[in-house]
Structure formats: structure tokens, C-alpha cells
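Undergrad: These are the residues of each chain, in order.
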Amino acid sequence: QSVLTQPPSVSAAPGQKVTISCSGSSSNIGKNYVLWYQQLPGTAPKLLIYGNNKRPSGIPDRFSGSKSGTSATLAITGLQTGDEADYYCGAWDSSLTGVVSGVVFGGGTKLTVL
Amino acid sequence: QVQLVQSGAEVKKPGASVKVSCTASGYTFTSNYIHWVRQAPGQGLEWMGIINPSGGSRTYAQKFQGRVTMTRDTSTSTVYMELSTLTSEDTAVYYCARDYGGNYDAFDIWGQGTMVTVSS
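From first to last, the protein sequence lines are chains A and B. Read in order, the letters of the first sequence are residues 4 to 117 in our numbering. Read in order, the letters of the second sequence are residues 859 to 978 in our numbering.
Certain hints may be false.
Listed next, the stretches of chain A that the computed footprint assigns to chain B, with coverage defined by at least 3 CB atoms under 8 Å from CB atoms of chain B [to be verified]: (1) 33-42; (2) 75-88; (3) 106-115.
Cβ-Cβ distance ranges computed for the label pairs, FRET-style [stated by the list, open to error]: (4) A:24 to B:978: 37 to 43 Å; (5) A:78 to B:933: 43 to 49 Å; (6) B:959 to A:72: 23 to 29 Å; (7) A:85 to B:940: 25 to 31 Å; (8) A:115 to B:920: 34 to 40 Å; (9) B:900 to A:16: 25 to 31 Å; (10) B:884 to A:45: 35 to 41 Å; (11) B:940 to A:72: 35 to 41 Å; (12) A:14 to B:863: 41 to 47 Å; (13) A:84 to B:915: 40 to 46 Å; (14) A:20 to B:929: 41 to 47 Å; (15) B:859 to A:16: 21 to 27 Å; (16) B:946 to A:11: 23 to 29 Å.
Source of the hints: derived by calculation from the structure; they are not laboratory data. Quantities reported herein were computed from a predicted structural model and do not represent experimental measurements. Glycine included, every Cβ here is placed at the ideal spot set by N, Cα and C.
From just these sequences and the hints, can you work out the full model?
TA: Below, the structure is given as C-alpha cells:
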């Protein structure tokens, strides 16, 4: 059972837009930055979004992130077959007592480009 | 180029320990923290802990407290993750990942992963 909640799967046609949700709580998404990672089959994860909505160098602007309260969303526009992958959200989790628990992740969302 | 290169796959018996290495290159080793993350077959990502290559301080996920040890060797730009008292539930790919910095808690460079199989 993951601390952050993501839908197991999403799908859309090439060229379309898809969104992936990530729900957390006041101890993680509610007070810390959200990250998004893309994991292609058989490879290590790749950083897509950091600081809720910032893209590392080399990540196309088709990928965007947003956060509101204790939830976050990854949006991918202009879908390509190469976008088929697992997507994970993550955030630092700080307990109410201020003791850092560490990084928590969602269970991952499999994107299928039909 | 900036990269993290991990040691090769391991097969261990239940109760044994495993030590995985992660060698950094292409940047100043002591400038960025290193995290360890694991992924069981067909499962999601699980954070194990973080080490500061500069001073050696570390924080471990509560789940692994008492069973994991992270160390570093600045002379070889290498960090190590040792996990003891292995069970079949520790079968997973273990990744090291560089912290991006700036308090974003993001991992910008990942190692290629090390498969650890625990089987009798």
C-alpha cells in the first residue's frame, strides 16, 4: 500500500492529452514539493518534474506538473508512442511531530498510448 | 558525462547480507547527496535512505532501520549500501540516485540498478 495514491492505469490516443493524478496528505504533498518520474520498461526512472512544476533540462514542455493542496497532477500533451511507460509521483514526507520520514512514492500509473 | 555506475547482480541466501556499490563520475562527488531506492519485481519504488558523501551523515527509512548501512569512500567517489538479514521480500532492483539539490528532494541522475535475488 503506497502512501501516495495514483490510478493504476490511464490511456489515450496519439496526439491527445492525458492527466495522471497523485493524492497525498498534509504531511507530504501538502507541505513539500512534488516530483514526477517516468520509467520506461527495463530502465531506471527518469526525473520529469521537480518542485511541483519545474522541468529538468531536456524534458519537453509537453510534460507539465501542478499541485493544489494535498493533490498533484501530471499532464502530458501531444501523446507519442514513446511516452508509454510507468509514471510515479513522489514527495518528502514530514510527520506532524517534525521527524522526517523520508521520500514516499505513489504506486505508479501505467500509461498506454492506444 | 555525469553518471552513477552500480555493481553487478547478486544472488544471496536468506539470512545473508549484500553490499551494493555506486560509483559517481562527471561531477564533484561531495556536492550532492545520494539516495537509495529499491523496486521489487512488478512493484513500485521504495525509498531506503540518503547519505551525504561530504560528511557521511545518513538518514534511513524507518522500515530499514537496524538492517541497512550506507557508507561512502571519497577517495573512489563511491557510496555503498549494505542490507543484512535478507529474506525473499528483499528480492528487488536496487538503485542509487543523485539528489538534485536545492531542497527539491528530486533524484536527477540514477544508477543502472543492481538486481539482488534472495533465494535458498
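Undergrad: Report holds or violated for chain B covering the segment 106-115 of chain A, Cβ cut-off 8 Å, minimum 3 residues.
TA: holds (count 6)
Undergrad: I want to verify a distance hint. Is the separation of the beta carbons of residue 20 (chain A) and residue 929 (chain B) within 41 to 47 Å?
TA: Holds, since residue 20 (chain A) and residue 929 (chain B) (Cβ atoms, about 46 Å apart) stay within the stated range.
Undergrad: The hint says 23 to 29 Å between residue 959 (chain B) and residue 72 (chain A); measuring C-beta to C-beta, is that right?
TA: Distance hint for residue 959 (chain B), residue 72 (chain A) holds at roughly 26 Å.
Undergrad: Please check whether residue 84 (chain A) and residue 915 (chain B) have a Cβ separation lying inside 40 to 46 Å.
TA: holds (44 Å)
Undergrad: I want to verify a distance hint. Is the separation of the beta carbons of residue 85 (chain A) and residue 940 (chain B) within 25 to 31 Å?
TA: Distance hint for residue 85 (chain A), residue 940 (chain B) is violated at roughly 37 Å.
Undergrad: Taking 43 to 49 Å as the hint, is the beta-carbon distance of residue 78 (chain A) and residue 933 (chain B) inside that range?
TA: holds (45 Å)
Undergrad: Are there three or more residues in the segment 33-42 of chain A whose C-beta lies within less than 8 Å of some C-beta in chain B?
TA: holds (count 4)
Undergrad: Taking 35 to 41 Å as the hint, is the beta-carbon distance of residue 884 (chain B) and residue 45 (chain A) inside that range?
TA: violated (23 Å)
Undergrad: Do the Cβ positions of residue 900 (chain B) and residue 16 (chain A) conform to the proposed distance bound of 25 to 31 Å?
TA: Once the Cβ atoms are compared, 27 Å apart, the range 25 to 31 Å for residue 16 (chain A) and residue 900 (chain B) holds.
Undergrad: Is the coverage entry for the segment 75-88 of chain A by chain B consistent with the three-residue Cβ rule at 8 Å?
TA: violated (count 0)
Undergrad: Does the Cβ distance between residue 14 (chain A) and residue 863 (chain B) fall inside 41 to 47 Å?
TA: violated (35 Å)
Undergrad: Hint says 37 to 43 Å; check whether the CB-CB distance for residue 24 (chain A) and residue 978 (chain B) agrees.
TA: For residue 24 (chain A) and residue 978 (chain B) the Cβ distance comes to about 41 Å; the hint holds.
Hint violations for this structure: numbers 2, 7, 10, 12 and 15, all remaining hints satisfied.
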